[in-house]
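**Student:** Order-wise, the sequence lines are chains A and B. Residues 11 to 91, numbered by my numbering, are exactly what the first sequence covers, in order. Residues 172 to 342, numbered by my numbering, are exactly what the second sequence covers, in order.
The set of hints was computed from the structure by calculation and includes no laboratory data. Values in this document were obtained by computation on a predicted structure and should not be read as measured data. Cβ coordinates follow ideal geometry from the N, Cα and C atoms, glycine included. Heads up, some of the hints might be wrong.
[As the list claims (entries may be wrong)] What follows is a list of derived Cβ distance ranges for each label pair: (1) B:Gln320 with A:Phe15: 34 to 40 Å; (2) A:Val21 with B:Asp273: 55 to 61 Å; (3) A:Phe15 with B:Gly291: 16 to 22 Å; (4) B:Gln240 with A:Ser86: 52 to 58 Å; (5) B:Ser310 with A:Ile25: 26 to 32 Å; (6) A:Ser86 with B:Ile189: 27 to 33 Å; (7) A:Ser86 with B:Val306: 28 to 34 Å.
[As the list claims (entries may be wrong)] Pairs of lysine to any residue residues, derived as SDA-like cross-links and limited to a Cα-Cα distance of at most 20 Å, are as follows: (8) B:Lys181 with B:Ile199; (9) B:Lys207 with A:Ala80; (10) B:Lys207 with B:His323; (11) B:Lys228 with A:Asp61; (12) B:Lys181 with A:Leu17; (13) B:Lys228 with B:Trp185; (14) B:Lys207 with A:Met41.
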Amino acid sequence: MIWQFDLIILVFLVITAIISLQVKDLLAASMIYGVYSFLMCLLWAGMAAVDVAFTEAAVGAGVSSVFLIATVFRTSRRSSD
Amino acid sequence: MEFFEAISAKFNYWIYVIIMMIGLYAMIAKNNMVKKLIGMSIFQTAIILFYVSIGVKDGATIPILYHDQVHAGHHHDDHGDDAHHGSTDHHDTSHGGDHETDEFGYPTRHAPDVHIDGDGFANPLVHVLMLTAIVVGVSTLGVGLAITQKLHREFGTIEENEIHDLIKSGK
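Please model the entire structure based on the sequences and the hints provided.
**Tutor:** Right under this line is the structure:
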């Protein structure tokens, strides 16, 4: 794949992973985890793994975010760390 | 310069190690259950990133055959070699040799002698393995979140240390 895209997406992957684990609001953490999954999907589409890419887009960025948001709304939204 | 070359050529693997350690740290050190599960998902996607990075080839395209690669061998029935099937003597169709049937009565399918260059396609084996890993990952995340909701109903919190204190003080 084009190495500039590779580099940019990988750097943003690390940034979004750290942010989604450091932010105190759990709803924001869930949404940034969705951004992380979508960046991973872009990376796999660039690495010629299109089947993995659209499975990740549907399952990772879609269903996982819905599960996380549903859990956050049924429990508490604040996190201590 | 050689050092820089070694880092830039394997950049996917360096980032894979970093993301995996981020996820492992979150699973161990975070107190919140949802944060722990997000860390577990990040860990799983890091492993999938490692496997997909193995299957990448330089200058390769997606592992799907082109149309002319599939249908190139369909007009080779006119030449007379029948060495590739030995079932021409016991079928009882009345119309000639152009519609041969096998022992179950279906038309014989000639294997197309297409030469496919494997270097032009990314390795699809790791993709198929990682499809299963993604589905398993989301199901483990769902089970973990269900247990988190159950804990919140039982203890009123999803922080691990508060749950430990409640258990220790006899609720």
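**Student:** For every hint, state whether the structure bears it out.
**Tutor:** Here is how each hint holds up against the structure:
Range check, B:Gln320 to A:Phe15: about 39 Å between beta-carbon atoms, so the 34 to 40 Å window is met. For A:Val21 and B:Asp273, the hinted distance range of 55 to 61 Å is satisfied, since their beta carbons lie about 57 Å from each other. Checking the proposed 16 to 22 Å range against A:Phe15 and B:Gly291 shows it holds: the Cβ atoms sit about 21 Å from each other. In this structure, B:Gln240 and A:Ser86 meet the distance hint of 52 to 58 Å, their C-beta atoms being roughly 56 Å apart.
At roughly 28 Å, the beta-carbon separation of B:Ser310 and A:Ile25 lies within the given 26 to 32 Å, and the hint holds. For the hinted restraint 27 to 33 Å between A:Ser86 and B:Ile189, the CB-CB distance of approximately 30 Å keeps it satisfied. Take A:Ser86 and B:Val306: their Cβ atoms lie about 29 Å apart, and the range 28 to 34 Å holds. In summary, the hint linking B:Lys181 to B:Ile199 is not supported, as the alpha carbons are separated by about 28 Å, beyond the 20 Å threshold.
Under the criterion of a C-alpha separation no larger than 20 Å, the hint pairing B:Lys207 with A:Ala80 is consistent with the structure, at around 16 Å. Annotation: proposed proximity of B:Lys207 to B:His323 holds, straight-line Cα distance about 15 Å (limit 20 Å). Of the pairs offered as hints, the one joining B:Lys228 and A:Asp61 holds, with about 17 Å between alpha carbons and a cut-off of 20 Å not exceeded. The suggested pairing of B:Lys181 with A:Leu17 holds, with an alpha-carbon distance near 11 Å, which does not exceed 20 Å.
Between the alpha carbons of B:Lys228 and B:Trp185 the distance comes to roughly 18 Å, so the proposed pair stays at or under 20 Å and holds. For the proposed pair B:Lys207 and A:Met41, the alpha carbon gap of about 16 Å is at most 20 Å, so the pair holds.
Consistency note: the structure conflicts with earlier hint 8 alone.
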